[in-house]
Amino acid sequence: MTADAFLFWFLAALTIISALSVILMTNPIYSALSLAMTMVSVAAIFVTLQAYFLAGVQIIVYAGAVMVLFVMVLMLFDLKHELQAFTRGRFSGAFKIASIGSLAGLLVGAMYSARINSALTESSIAANATSKGAITPLAEELFLRNVFGFEALGVLLLVIAVGTVALSRSKGGTHARH
Amino acid sequence: MTSMGTTGFEITVNLIKTVLVFLMMVQAVPILVWLERRGSAFIQNRFGPNRVGPLGLLQLLADAVKFLTKEDFAPEKGNRFMFYAAPVFALIPAAIAYMAIPMSVPLKLETATFLIQGFEINVGIVFVLGISSLAAYTILMAGWGSGSKFSLMGAMRASAQIISYELALGLSIVGVILMYGTFNFNEMILQQQGPLSFNAFGYTVATAALPNWGIFYQPVGMILFFAATFAESNRLPFDLAEGEAELVAGFHTEYGGFKMLMFFIGEYGHMMIASGLMATFFFGGYGIPYVSIQDVQNFGMNLFGSEIAANVFNTVVHFLCYNIKFGLFLWIFIWVRWTLPRFRYDQLMDLGWKTMLPWALVNTMVTAAVMFVTTYFMF
Amino acid sequence: MPLGGVIFITIFIGVFGFILIRLARLTGGKAVKTSQAKFDIYECGIPVQEKKDTKISVKFYLTAILFILFDIEIIFMYPWAANYKNFLTSGNGPFVFGAMAFFLAVFIFGLWWEIKSKALEWD
Amino acid sequence: MPDISILTTITPNHYLVLSACLFMIGVAGVLLRRNLIVLFMSIELMLNAVNLSFVTFSHSFGKVDGQVMVFFVMTIAAAEAAVGLALAVSIFKRFKEVNIRFFEHLKG
Numbered sequence: 018m019t020a021d022a023f024l025f026w027f028l029a030a031l032t033i034i035s036a037l038s039v040i041l042m043t044n045p046i047y048s049a050l051s052l053a054m055t056m057v058s059v060a061a062i063f064v065t066l067q068a069y070f071l072a073g074v075q076i077i078v079y080a081g082a083v084m085v086l087f088v089m090v091l092m093l094f095d096l097k098h099e100l101q102a103f104t105r106g107r108f109s110g111a112f113k114i115a116s117i118g119s120l121a122g123l124l125v126g127a128m129y130s131a132r133i134n135s136a137l138t139e140s141s142i143a144a145n146a147t148s149k150g151a152i153t154p155l156a157e158e159l160f161l162r163n164v165f166g167f168e169a170l171g172v173l174l175l176v177i178a179v180g181t182v183a184l185s186r187s188k189g190g191t192h193a194r195h
Numbered sequence: 002m003t004s005m006g007t008t009g010f011e012i013t014v015n016l017i018k019t020v021l022v023f024l025m026m027v028q029a030v031p032i033l034v035w036l037e038r039r040g041s042a043f044i045q046n047r048f049g050p051n052r053v054g055p056l057g058l059l060q061l062l063a064d065a066v067k068f069l070t071k072e073d074f075a076p077e078k079g080n081r082f083m084f085y086a087a088p089v090f091a092l093i094p095a096a097i098a099y100m101a102i103p104m105s106v107p108l109k110l111e112t113a114t115f116l117i118q119g120f121e122i123n124v125g126i127v128f129v130l131g132i133s134s135l136a137a138y139t140i141l142m143a144g145w146g147s148g149s150k151f152s153l154m155g156a157m158r159a160s161a162q163i164i165s166y167e168l169a170l171g172l173s174i175v176g177v178i179l180m181y182g183t184f185n186f187n188e189m190i191l192q193q194q195g196p197l198s199f200n201a202f203g204y205t206v207a208t209a210a211l212p213n214w215g216i217f218y219q220p221v222g223m224i225l226f227f228a229a230t231f232a233e234s235n236r237l238p239f240d241l242a243e244g245e246a247e248l249v250a251g252f253h254t255e256y257g258g259f260k261m262l263m264f265f266i267g268e269y270g271h272m273m274i275a276s277g278l279m280a281t282f283f284f285g286g287y288g289i290p291y292v293s294i295q296d297v298q299n300f301g302m303n304l305f306g307s308e309i310a311a312n313v314f315n316t317v318v319h320f321l322c323y324n325i326k327f328g329l330f331l332w333i334f335i336w337v338r339w340t341l342p343r344f345r346y347d348q349l350m351d352l353g354w355k356t357m358l359p360w361a362l363v364n365t366m367v368t369a370a371v372m373f374v375t376t377y378f379m380f
Numbered sequence: 017m018p019l020g021g022v023i024f025i026t027i028f029i030g031v032f033g034f035i036l037i038r039l040a041r042l043t044g045g046k047a048v049k050t051s052q053a054k055f056d057i058y059e060c061g062i063p064v065q066e067k068k069d070t071k072i073s074v075k076f077y078l079t080a081i082l083f084i085l086f087d088i089e090i091i092f093m094y095p096w097a098a099n100y101k102n103f104l105t106s107g108n109g110p111f112v113f114g115a116m117a118f119f120l121a122v123f124i125f126g127l128w129w130e131i132k133s134k135a136l137e138w139d
Numbered sequence: 003m004p005d006i007s008i009l010t011t012i013t014p015n016h017y018l019v020l021s022a023c024l025f026m027i028g029v030a031g032v033l034l035r036r037n038l039i040v041l042f043m044s045i046e047l048m049l050n051a052v053n054l055s056f057v058t059f060s061h062s063f064g065k066v067d068g069q070v071m072v073f074f075v076m077t078i079a080a081a082e083a084a085v086g087l088a089l090a091v092s093i094f095k096r097f098k099e100v101n102i103r104f105f106e107h108l109k110g
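Quick mapping for you: the protein sequence lines, in order, are chains D, G, B and Z.
Numbering-wise, the numbering used here puts 130 at position 113 of the first sequence, and it's gapless, one number per residue.
Numbering-wise, the numbering used here puts 351 at position 350 of the second sequence, and it's gapless, one number per residue.
Numbering-wise, the numbering used here puts 64 at position 48 of the third sequence, and it's gapless, one number per residue.
Numbering-wise, the numbering used here puts 46 at position 44 of the fourth sequence, and it's gapless, one number per residue.
Since the hints were derived computationally from the structure, they do not count as laboratory data.
The beta carbon of each residue, even a glycine, is placed where N, CA and C say it ideally should be.
Be aware that a few hints might be false.
As the list claims (entries may be wrong) - With a Cα cut of at most 30 Å, we get these calculated DSBU-like pairs of lysine-lysine: (1) LYS54(B) to LYS355(G); (2) LYS65(Z) to LYS113(D); (3) LYS95(Z) to LYS78(G); (4) LYS78(G) to LYS134(B); (5) LYS54(B) to LYS67(G).
Claimed, not checked - Cβ pair distances, simulated, as ranges: (6) ILE309(G) to GLU168(D): 27 to 35 Å; (7) VAL172(D) to TYR204(G): 14 to 22 Å; (8) THR11(Z) to VAL14(G): 43 to 51 Å; (9) GLY126(D) to LYS134(B): 35 to 43 Å; (10) LEU120(D) to LYS98(Z): 33 to 41 Å; (11) THR10(Z) to PHE305(G): 31 to 39 Å; (12) PRO110(B) to ALA42(G): 34 to 42 Å; (13) GLY203(G) to LEU9(Z): 33 to 41 Å.
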């Protein structure tokens, strides 16, 4: 077994286990911390795919910012334990699980029928990524060919910033009386 | 394991190296604590710890014994798992982020080349920023796991402070990245070799009087970066998380003994990252001013006469040079702590959002505009 | 990228920290419950007050949200900054400079609006 | 001796299957959980799964379009989390819980 294969299986197992604990933990704070763990291991998987900069962005944006926000909000709420963590109804639950299972089977089956048989090799991006211009292709793609999307996202972020401030305008803490 | 080496020997050495860097970090903490206590005593015209051993140096051992004999305590109200996990997690981001910073020229032996750093990462800056931003979880876990109001309030304050200053930190680095055009620390250091020289309006400006350090290109960026790192590592004047008049001790109110010590190691680890980054970005990293790497190599060749000995000499000399710069910044951290008073929380947030962030933006824009103008207009 | 090394040292530090905490428990012993007060959380000397709703200002989470939004804008500048020299030499300089100027204008407008709307005021 | 090349040779398929598994875990979370914030987290999981497949395709075709797309997806995911949590906080202030039971209050 090569080191790369071992690394992949290790990271895949880590990702799946932490992702499962996101949806199985009844305490939402544990869910959020598991999700942070998932994000970090997905970043590590990005590294094995030679997307170094994206791995860094994944850690900064998801693990370092979005999940910190989730954890902070959950601590603000301070939900001690959840009485109804999962949906009610034995029948509907079984039905949901069955439908998820069949969908998963369908997806995995589809992927195997349309398999890409090339082994994972050093791609042409990787050849660039190891040399001096670590992210030249990414930057050129982003700023020369997708510049409209880039500017649009800037405006979107502005709109969101204005919107969230407006949403949380009302005075008082999380437990304010009305 | 892609670039941890090709042969078994290389991989083993590289893995042991990471452990060594970590142990070095852990070992530096008692020394820094001693320096801080003696330094603060010096600044405040006191004696400081001077009874145990020469210059009070054995105070460190006495402290370790004290930590070891403290009984292990966890509050009943808190969450035991989080309470114990938080100090362990406090070590990880600080240590891993520090390992990405190069400390000397790579050591060339007969068959292999070893980098004097934990591991080389080609997107170094992004890696360090990302990993050290994970420190916010430690604080939130400690605050929530203690089950105390003071801890929770302290954790909220500390994490809000850390994330606010991360913006100013991230933005002040953009100017640096613009100047060097890379994320890689080693390339940055190599670009800072030699005398000050740059191209402007089609001419090359050079002077041998100054080294080619980043501080001469990014003075504003340096000030902003250094100030933001103080807030990131929760040091005075920004240690609002543990403002003892209001919050007892912030997120580690309930901690004692070894668990407390581990938070300390984390905090000092962030100081070390900040000092290492300051040296790397703005002060030439391990480079020696006015002397190139090749000069040192030639000097070693004349001195020892063998290639390998010269390589070792080269590495050791640059390692010492890095540590002088590194120690200087650590001392500045301690010095500032005992010189400036603490901010108020609203002043802290105002400084981060309304002063440092706009200045960092201005710095970025001016840098980009100057680079644009000096490249496109010729005289 | 030395991913294996990063994972190795992460596990190493985790085990190291765990052993340290166990060691401290061995040498120091587990805390003996001599009274209830010893095991209570810290409360400046008065008996612990059970109050369910600790009020925490919404400001903290508003700060976190604004942090996320501005952080992403800063992350967008990183590939631009790292590649700016190449853009300048390859002749795309004016275009990329203009694109980032617009983006920064939006950023500055957002920051100005947040400051003006007093979303960043702490009292 | 059975063929273990599926274990030792990692192909893009492995990554795609992993991504599908992650996506399915996300779907299960959305369907099964009742906490609004855990629902958001499950959606983040699904977005991550999609990102993973984008990066895989980008790697196997040697083009960076996929990575740019991931960049955009991350931005939008973060924006969505910001708005969603702002809504969650508003809901919590009103109903003192974030269980999706609160939708019952929305009936006329």
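Confirm or reject the claim that VAL172(D) and TYR204(G) have a C-beta distance inside 14 to 22 Å. violated (40 Å)
Verdict for PRO110(B), ALA42(G) (Cβ pair) under range 34 to 42 Å: With a Cβ separation near 59 Å, PRO110(B) and ALA42(G) fall outside 34 to 42 Å, so the hint is violated.
Could you tell me whether the CB distance from GLY203(G) to LEU9(Z) stays inside 33 to 41 Å? Check failed, 60 Å falls outside 33 to 41 Å.
Should the hint that LEU120(D) and LYS98(Z) are 33 to 41 Å apart at their CB atoms be regarded as holding? Between LEU120(D) and LYS98(Z), where Cβ atoms are some 35 Å apart, the hint holds.
Take a quick look at whether LYS95(Z) and LYS78(G) sit within 30 Å of each other, Cα to Cα. holds (26 Å)
When you take the CB atoms of ILE309(G) and GLU168(D), is the distance between them in 27 to 35 Å? violated (55 Å)
Whether the CB-CB distance between THR10(Z) and PHE305(G) falls inside 31 to 39 Å: violated (47 Å)
Do the alpha carbons of LYS54(B) and LYS67(G) lie within 30 Å of each other, as the hint requires? Judged against 30 Å, a Cα distance of about 19 Å means the pair holds.
Given pair status - LYS113(D), LYS65(Z), alpha carbons within 30 Å: With Cα atoms ~38 Å apart, LYS65(Z) and LYS113(D) exceed 30 Å; violated.
Check whether the Cα positions of LYS54(B) and LYS355(G) lie no farther apart than 30 Å. Not satisfied, since the Cα-Cα distance of roughly 44 Å exceeds 30 Å.
Could you check the hint for me, namely that GLY126(D) and LYS134(B) are 35 to 43 Å apart, CB to CB? violated (56 Å)
Compare the distance between the alpha carbons of LYS78(G) and LYS134(B) with 30 Å, and conclude whether the hinted pair is satisfied. violated (37 Å)
Violated hints for the displayed structure, listed by number in ascending order: 1, 2, 4, 6, 7, 8, 9, 11, 12, 13.
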